[in-house]
Amino acid sequence: MNPTVTRALKHRLFWPIVTLLGLLVLNVAVRPAFFSIRLQDGHLFGSLVDILRNGAPTLLVALGMTLVIATRGIDLSVGAVVAISGALACSIIAGSADPNSPTTVLVAVGISIVLALILGAWNGFLVSVIGVQPIIATLILMTAGRGLAMLITEGQIVTVNSAPYKVIGGGYWLALPASIIIALGMFAIAAVLTRKTALGLLIESVGINPQASRIAGVRSRSIIWMVYIFSGLCAGIAGLMISSNVTAADANNAGLWIEMDAILAVVIGGTSLAGGRYSLGGTLIGAAIIQTLTTTVYTVGIAPEITLVFKALVVIIVCLLQSPALQTRLGSLRRRPDRRRPDRRRPVTTSTGGVLS
Amino acid sequence: MTTQAPVVDMTDISISFPGVKALDRVNFRMFPGEVHSLMGENGAGKSTMIKALTGVYPIDSGSILLDGKPLLITGPAQAQEAGISTVYQEVHLLTNLSVAENIMLGREPRRGAAIDWRAMRARATEILDGLNLDIDPASQLGTHSLAVQQLVAIARAIDVQAKVLILDEPTSSLDVDEVSELFRVIRSLKESGVAILFVSHFLEQVYEISDRLTVLRNGQLVGEYLTDEILRIELVHKMIGKDIAVLSDLDRKERAPISEESEEAPFVQAIGLGRTGSIAPVDLSVYEGEVVGLAGLLGSGRTELARLLSGADRPDRGELSIGGRPRRLRTPRMALKARIAYSSENRRSEGIIEDLTVRDNIVLALQADRGWFRRIPKKRQDELAASYIQALNIRPPDPDAIVKNLSGGNQQKVLLARWLAVAPRLLILDEPTRGIDVGAKAEIQKLVADLAENGMSVVFISAELEEVLRLSHRIVVMRDREKVADIVNDDVTVGQVMTLIASGAES
Numbered sequence: 000m001n002p003t004v005t006r007a008l009k010h011r012l013f014w015p016i017v018t019l020l021g022l023l024v025l026n027v028a029v030r031p032a033f034f035s036i037r038l039q040d041g042h043l044f045g046s047l048v049d050i051l052r053n054g055a056p057t058l059l060v061a062l063g064m065t066l067v068i069a070t071r072g073i074d075l076s077v078g079a080v081v082a083i084s085g086a087l088a089c090s091i092i093a094g095s096a097d098p099n100s101p102t103t104v105l106v107a108v109g110i111s112i113v114l115a116l117i118l119g120a121w122n123g124f125l126v127s128v129i130g131v132q133p134i135i136a137t138l139i140l141m142t143a144g145r146g147l148a149m150l151i152t153e154g155q156i157v158t159v160n161s162a163p164y165k166v167i168g169g170g171y172w173l174a175l176p177a178s179i180i181i182a183l184g185m186f187a188i189a190a191v192l193t194r195k196t197a198l199g200l201l202i203e204s205v206g207i208n209p210q211a212s213r214i215a216g217v218r219s220r221s222i223i224w225m226v227y228i229f230s231g232l233c234a235g236i237a238g239l240m241i242s243s244n245v246t247a248a249d250a251n252n253a254g255l256w257i258e259m260d261a262i263l264a265v266v267i268g269g270t271s272l273a274g275g276r277y278s279l280g281g282t283l284i285g286a287a288i289i290q291t292l293t294t295t296v297y298t299v300g301i302a303p304e305i306t307l308v309f310k311a312l313v314v315i316i317v318c319l320l321q322s323p324a325l326q327t328r329l330g331s332l333r334r335r336p337d338r339r340r341p342d343r344r345r346p347v348t349t350s351t352g353g354v355l356s
Numbered sequence: 000m001t002t003q004a005p006v007v008d009m010t011d012i013s014i015s016f017p018g019v020k021a022l023d024r025v026n027f028r029m030f031p032g033e034v035h036s037l038m039g040e041n042g043a044g045k046s047t048m049i050k051a052l053t054g055v056y057p058i059d060s061g062s063i064l065l066d067g068k069p070l071l072i073t074g075p076a077q078a079q080e081a082g083i084s085t086v087y088q089e090v091h092l093l094t095n096l097s098v099a100e101n102i103m104l105g106r107e108p109r110r111g112a113a114i115d116w117r118a119m120r121a122r123a124t125e126i127l128d129g130l131n132l133d134i135d136p137a138s139q140l141g142t143h144s145l146a147v148q149q150l151v152a153i154a155r156a157i158d159v160q161a162k163v164l165i166l167d168e169p170t171s172s173l174d175v176d177e178v179s180e181l182f183r184v185i186r187s188l189k190e191s192g193v194a195i196l197f198v199s200h201f202l203e204q205v206y207e208i209s210d211r212l213t214v215l216r217n218g219q220l221v222g223e224y225l226t227d228e229i230l231r232i233e234l235v236h237k238m239i240g241k242d243i244a245v246l247s248d249l250d251r252k253e254r255a256p257i258s259e260e261s262e263e264a265p266f267v268q269a270i271g272l273g274r275t276g277s278i279a280p281v282d283l284s285v286y287e288g289e290v291v292g293l294a295g296l297l298g299s300g301r302t303e304l305a306r307l308l309s310g311a312d313r314p315d316r317g318e319l320s321i322g323g324r325p326r327r328l329r330t331p332r333m334a335l336k337a338r339i340a341y342s343s344e345n346r347r348s349e350g351i352i353e354d355l356t357v358r359d360n361i362v363l364a365l366q367a368d369r370g371w372f373r374r375i376p377k378k379r380q381d382e383l384a385a386s387y388i389q390a391l392n393i394r395p396p397d398p399d400a401i402v403k404n405l406s407g408g409n410q411q412k413v414l415l416a417r418w419l420a421v422a423p424r425l426l427i428l429d430e431p432t433r434g435i436d437v438g439a440k441a442e443i444q445k446l447v448a449d450l451a452e453n454g455m456s457v458v459f460i461s462a463e464l465e466e467v468l469r470l471s472h473r474i475v476v477m478r479d480r481e482k483v484a485d486i487v488n489d490d491v492t493v494g495q496v497m498t499l500i501a502s503g504a505e506s
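These protein sequence lines are chains A and B, in that order.
Everything in the first sequence is counted per numbering that gives the first Met the number 0, starting at 0 for the first residue and increasing by one.
Everything in the second sequence is counted per numbering that gives the first Met the number 0, starting at 0 for the first residue and increasing by one.
This is chain B alone, in the form it adopts within the complex (with noise of 0.2 Å):
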């Protein structure tokens, strides 16, 4: 590989939050024209190291160079300037204004005081082109899918000449199509000299784009690797420091097809549930104890059924039973009075309520099904966050620790425990594994599994296909806002989905 010298060299960085050793004398480095990810289980220390390279923690000890200069930086503005840009996780864009104001933010064009309006449309058109997005620079960037949007915090990050760029999880609301498209652009600014740091929990695009692997545990430095010295297994093993029993444990366990040998009626049948402008209409049943896994691209209409189904919108035709009972749900409340809980893709917007302790967003759900008069008791209260955190293994175990404050898979655990708290019949996850670690991926499926074998039935979404199949009986593929197959889980491939993913019913 590259003999150059390294574009940024990290040695010796710690940093400390109270009560916690977040980086222990980690070193770290990268060279231009080459993708480095770095790799760990969530609070590893991954975005701590990002943080501390763009500024926005100060370190304890240690010292940076970039370009082998001293790196003294205060601030994320400033790591900007030097050439180290940043697309995190979450997309942090302004969501009221257009997609070239966004682009532009902070480097608007200007003709004397006025910003140059014209200019800057042209120059994000001009970006987006390069980057070979479709994307209407004047409309408003709130209108876009999650995934378009971070196309467009990508192409932002990538205006700023950039000799460092940070992709923090790029990758987790993209589908296939957008990864491809993305990958190609890395490639480009690779080829261009500039030096990509990339973290994914996807193994399979790590291994795809990256040349060089950094594997953080518990704030510690691992190793520094070539991807093609280093084997999936032997990289999986140094993450997580253990055998990862319990996904082998859980593969293709053999799962009877329940809903043909079920005598009963399902507990949840849509016949032709649909909405317009949304998702056309769809024939759907789960029974007791069944999992049904929704596959398919984004936009497919996957996370659209669900809502569906959890009252989160509103169908406009078509019918809907629960129990064998006919049923309108008009809200998520009138959902989960059914005892059907929703958890949304949306962790942050839609899930958890971040200012509030780990505790109050357990029992919220069940507090709002029993009305603001009758408060759950305190010590009742108490035991419900002690046996979530512990089934959940939720980290910190502190039950007065506030939520935003946990990593995203602790967040979503959290999230988790809120709806089983209510013990509902059916149980919508949607990407629940989304962004989160391998052993956290691991016990949360583990868990549905568990679910399911105890009579909840389930609705799994998911843009990972291993996923989908492992745990599903019966999987739904949705293509273009439709449902184009309806299989039972028996042998079925991944092979075999993503063609009904891409040609639809007839193969």
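Same shape as in the complex, but just chain A (with noise of 0.2 Å):
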């Protein structure tokens, strides 16, 4: 076989990448359009622009969800902090003086995104500094967290009518989307903090044996909390976002199972949930789908009843199709041709393929 296509299909992100593909076919064979992006007004209009989006949220709180979970660790009150931060932020425009000031938007904007550093400075405190399992841990924000949001707007549904505020999640810059550009720019801030510093190396290293990290010197109560708090405030821009996209906070329902999404992108892009090397690149791969596959939901026309259905069924077969053990079959499948071929040209040397004594 063509040695680089052997390489590409052994890539952790070959089959996310094919089943995105395959979605996005799948669309286009329904609906020939789907690929057309038109500028109107200086803005960029159509599907695949959409997807990103709509998208954008999810994205967020998954970057925020992988460097967790490489940790070791997991953040289930990511919903509840979308509907905290997107609470705080309305109640405080509509109840100011003047909505449309920016300084008006930027001061409930900036409060938001501290009380979103704080409650995953708090998720931080009960994982790293107590003890607590991440599951637990986060588990009690994720249900108390909701009652806050509640508690912020009364447990009425806040609509504000701010024109800077609308930016966020629904106004555009340089044609794009601007809540686009926010998820990318977050994006490139992780990967580049995480990449670029030690910070990646540190993080692994905790995930994959606390103990011997902490004999090596790591500090890894600050690593973990660190990894919450950036999660927090994700997942507070995210709330905002959502917010400003339909004018209105509703604490009940903003960001609900947006954990359960983020988790599902996370894992499709190749991290594990056992903790250590994980992937950003994957995790943007692993929404996109995940975003993909709800937009194709509405052009294929599924029925709102099976939707739910689909969506199961699409991840299943990602995760299958990277299991272990299915990978294996399929290499043996492919390689007893290649046995009878003389031949053969250079054995594949892999990183990971060392002497075994």
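Do not rely on the hints blindly, as some may be mistaken.
[As the list claims (entries may be wrong)] Cut-off 27 Å, straight-line C-alpha distance, at most; resulting in silico cross-link-like pairs (DSS-like, lysine-lysine):
no., chain 1, residue 1, chain 2, residue 2
1, A, K195, B, K189
2, B, K336, A, K195
3, A, K195, B, K377
4, B, K377, A, K9
[Stated by the list, open to error] Short, incomplete list of chain B residues facing chain A, as computed with Cβ under 8 Å:
no., residue
5, L355
6, Q366
7, R374
Treat the hints as calculated values from the structure; they're not laboratory data.
Cβ coordinates follow ideal geometry from the N, Cα and C atoms, glycine included.
Combine both chains into one complex, guided by the hints.
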């Protein structure tokens, strides 16, 4: 087999990318105009743009989730943080004298983000200092958080009519939806922060073996704290985006089940829930798959009753394709004809194929 | 010896991995009622051989006969059913379950669909009694020492009416008494006709227990010998294929007792350092460039003392001064800042980060010390990795290799490289040579001697007294979690240290 093809097949993102392309092709087949993008009043419109825009909050939350999962943790509270940050920002703006003043919006956004950071720090505190299991620690905020959001909105759906606030989730910058730019910006920041500093190495090290990391002098406590704070920040910004897009804060429904989508995106992207090595690029693709899937359901016209089943099927297929057991089987199927060929080109040397004794 | 037909007959076995020929047309046979030792350095193919026999790896060519019939298995579970049981070097048991559950795991006695807990505990007790082991079957496995866990693993393997019992480095974490206990068990199994495959790096033990030896080197068969008919020195030659000049070179070089002639204060001085429930207060000083050997049985307090000196555990009494200044080391991080590095005896759980590369593992402690923000530049990382791979002869010499794929000795070298990279002033080595081959052992010993010569202080812990005597300027003997002797290594013999370990300070 062609070495390039073999390498591509082995790449951890091969199957997720194939799935994404497959979904896109399916969409084009049903609606030939799917790929068309048009420029109108200096704004880009089209299905692809919609997918990216609607997927921005999920991508953000999944980004924070990736790092949390890399440390062997999980953050179930992201949906609640989404609701809280949206509720707080909207309440401040709605309660102010001039909702259209950029200062008001900046203050509201600033306060909400600070609160999101505090909530992330609370999770981090429970996990790293108190030693509560992550799933339990974040479950606390997951349940209590919605109540907190209700307190802020006093049980009402708070609507805001503020042009500057609308920009975050519904506006455009440089012809692109602002939410896409924000999400990709955060993605770039996370990538640079983890790969250009040693944060990525230390996160993986703590995730793979916390005890050995401690002996090696890694400050696992502050690393773990940091990833939960980052996850809180991501969820907080996602909350602003969602509430800005619908110009309202709904304490009950904003960000509902977003933790599931985020965890799915991370897993589809090839990061193991057991912690350790993670892939931000994988998460990006994972989030794109999740959102494309939702869009596909609409374009293809799948009945709402079986929407969730359809989603589940796709997820199962991706997970199966990535599972080591199935890969080995596929691998042996592919390898068999090679054995008969004497002129087998150079042996595949991988970084993982070290000497076994 | 026996004229019976072999119970296991492996012929022309070859196994390849990408880029490596792990086994190349190797023959191996085992007879009932015999202990057969598989000998060879790390990477010689011993583990691969075992994994071929237990169905973990499929063989590329050759044949395996069990009782004269071809053995067709695709996994360890089937191997076990066929009568081949294995106890691996690292204990693969579930530490959060009870001893009884671990022994009976997968073969739980049942009453209908439910597990018959009473029968299970009774059977476990019976097995443990049969081995004369005083372990409460209801206790959680994780609360026991590594040595006891190893014995439980053996108990588990023995329960399966095995025809063939494979013991891969079973003694690497056992103390002298436990080894003789194990050998008693092995002998009685042997009498009942079980064929035992024994792998150990301790030549003494191999000569004590085995009837027959097979030597492998670089995946190839060197030969099969009767233990009585081959001299140790010949055996070592066959294993490494060259003279072990390194070892004899090192032997008892004149070592001036540094502590007595030194005018300076010791680099590390502990006064009454102790921890309730772990170790009684100990006085200890280590001078610059001095190697202090900690001798004692497993559980004597040697590891516990090392953990107090390195911040891995927090002392609750006593004083510690470093470089003449009183310090409190509450975490390993603080110890590293004070230039004290601790290499744990538990290579897998407290040492290497399995899924990271060799390079990442080497730079980890240095990077942790610099903090996350100041990343070591890629070029510097490559230089560090390359220089240590070369200096310590790490195989394969690939900085991008994932550490878990390396053999035990090479993992240990990677770990050493990590600690050396932070340029410690005191290096605490807890069992650095356990479970690794003669060649790597000699290399590590030589390294320790060189480091000390260049002014690094070393605390050296090993179950092998010869090794401690060979390297140390001074020997501290621990017994029952107390320090019982602190002697200058001046023609001290193994016998003398043994006496101290056994009977305390009076002698």
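Outcome of the hint check:
1. Taking the CA atoms of K195 of chain A and K189 of chain B, the gap is about 59 Å. The hint is violated against a cut of 27 Å.
2. Of the supplied pair hints, the one linking K336 of chain B and K195 of chain A holds, its CA atoms being roughly 24 Å apart against a limit of 27 Å.
3. For the given pair, K195 of chain A sits about 10 Å from K377 of chain B by alpha-carbon distance, which is consistent with the 27 Å threshold.
4. A C-alpha spacing of about 26 Å is found between K377 of chain B and K9 of chain A, which places the hinted pair at or below 27 Å, so the restraint holds.
5. Hint on L355 of chain B holds. Least Cβ distance to chain A is approximately 6 Å, under the 8 Å limit.
6. The closest approach between the C-beta of Q366 of chain B and any C-beta of chain A is roughly 5 Å, which is under the 8 Å cut-off, so the hint is satisfied.
7. About 4 Å separates the beta-carbon of R374 of chain B from the nearest beta-carbon of chain A, less than 8 Å, and the hint is met.
Of the numbered hints stated above, the single one contradicted by the structure is hint 1.
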